Amino acid sequence: MIEVDRVGRSFTVGRGRSRRTVHAVQDLSFTIDAGEFVGYLGPNGAGKSTTIKMLTGILAPTSGRIEVAGLDPTRRRTALARRIGVVFGQRTTLWWDLPLKDSFDLIRHLYKVDRDDFRRRLAELTDLLDLGGFMNTPVRQLSLGQRMRGDVTAALLHDPAVLVLDEPTIGLDVVSKAAMRAFLGRLNAERGTTVLLTTHDLGDIEKLCRRVMLIHHGRLGFDGTLDDLRATAPGEDSIEDVVTHLYTASPADR
Amino acid sequence: MVRTYLLLAWTWLRASAQYPIPMITMALGSFVLNGLDVAAIWVIFEHTDALGGFGLAEVMFLYGAAGVSFALADMLFGNVDRLSQHIRAGTFDAVLIRPASAFVQMTTDRFGVHRFGRMAQAAVVLGIALPQLDLEWGRAWMIPVMIVCGLVIFTSIFTLGGALQFLLTDAPEVANAFTYGGSTLTQYPLTVYGGDLVKAVTFIVPLAFVNWQPGLYVLDRDDPFGLPHWLRFAAPAAALILALAAALAWRAGIRRYRSTGS
Ligand SMILES: Nc1ncnc2c1ncn2[C@@H]1O[C@H](COP(=O)(O)OP(=O)(O)O)[C@@H](O)[C@H]1O
Ligand SMILES: [Mg+2]
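Quick mapping for you: the protein sequence lines, in order, are chains A and B. Mapping to this note's numbering: the first sequence position 101 is 101, numbers consecutive. Mapping to this note's numbering: the second sequence position 161 is 161, numbers consecutive.
I should point out that these hints are in silico values taken from the structure, not numbers from a laboratory. Note that the structure is a prediction, hence the values are computed from the model and not measured. C-beta atoms are modelled at their ideal positions from N, C-alpha and C, and glycine is treated no differently.
Listed next, the stretches of chain B that the computed footprint assigns to chain A, with coverage defined by at least 3 CB atoms under 8 angstroms from CB atoms of chain A:
hint : segment
1    : 1 to 8
2    : 84 to 93
3    : 98 to 109
Facing chain B, from chain A, some residues (calculated, C-beta under 10 angstroms):
hint : residue
4    : Phe11
5    : Ile58
6    : Leu80
7    : Arg82
8    : Arg91
With the rest of the complex left out, here is chain A (with noise of 0.2 angstroms):
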């Protein structure tokens, strides 16, 4: 469903007698197939954003060769956009002078969603995710839970094979993060959609994710199970440890 073949990104930053390379991305390679639920971790500025924009469409890698649901998302960016859905914990993709309503019929022409089909999957997830209460209020006055879950339906209902989410439990509360949490393991579970999510949050990691894929100065430094995950770091008890293990282990390993 997403392949990934020795990808890199690199940013020119500064100018002048400053300017510099900052390598994002480098030599990053892995496989995710259908159904699979993956979990991308990794600390602040070590390109997991990255990875997700080059996965979408929005940037393009610099060297390396990426497919998603069949399609190189650079040269075939709104081809692949029907196919998938994307989700920003940090920024919403929704219009944000918009009544939510509005988004999401916008979103049902531009994509082309049968209307019975609209209707029923936005009944579902109406109920799913409880927005009942303010699908009539502008999207820069919901608040942020509030527009989680407007972003969250809004990448579904054109219903996607993959779901690519960037930090999508970032700043909830910890209700609204359960019930995301519930929300993504359903969708997986029932209708299989593929979902690769990039978090900070452990627990989203441990409630969710088969597998695990950890990347740290813009490299993969680490894919397997959670089980795997806990084996790197034999001494070390809790999740956080064992990632914290790592994070401060894999420079040195290159």
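Got chain A sorted already, so can you dock chain B with the ligands onto it with the hints?
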């Protein structure tokens, strides 16, 4: 593309209807503000019979035709000049994850009634000027052609300015020099400018094809600069070449888009 444009524009228009007063005020404001241009031309003709060799009705015709082209381009596509705002705010990422042209999404953003003011003003001027000209009807077909070509030329300049914003964040000012500057330049017969500038806007930035060259045909006038006669039919070709260049630049710009670091 057209369907998506109409859909998005209509959605924004409906949303803007919730705040009718500021929208209408802005439309009226731009109507009046642009009306001042016409007043300025009027004042000039208080003291003289001709501006650059052209009478009042002819000048108003050139003004109105370019005005309608520019106002249409500005109303429909002028919003690309806000691209760098979206890039800096990080909202352009969201544009790229939708299965719709980024150009259409950008240009329709916040479409509202306020965009109609300038259009109305230019149309009124053209509507008043046309009957006062002693037009040969065999030449009138050029009027819609020149308005469409002008629309394409101004839209292309807006788009080139937009594409530049993928590279430079302070590009809006540079782009505005060409778009709004171009609009001001085409308000008067080119004879009020020097020959070098006229060559530049004929062969480099083809603003002369917005209203000047085809206008000479409509008014049945000789080219005061003695440029070849066929140039007055070259507006469609000039518009097409510029549009192609703009489309390529836009695509290249999107490929070079680097988003923002988090
Ligand atoms: N648009 C950009 N311009 C310059 N540098 C960037 C840009 N986007 C990301 N970076 C840099 O690339 C690295 C990885 O960033 P990012 O992928 O956002 O990390 P993460 O999401 O894991 O926190 C960081 O050093 C960041 O500063
Ligand atoms: Mg990030």
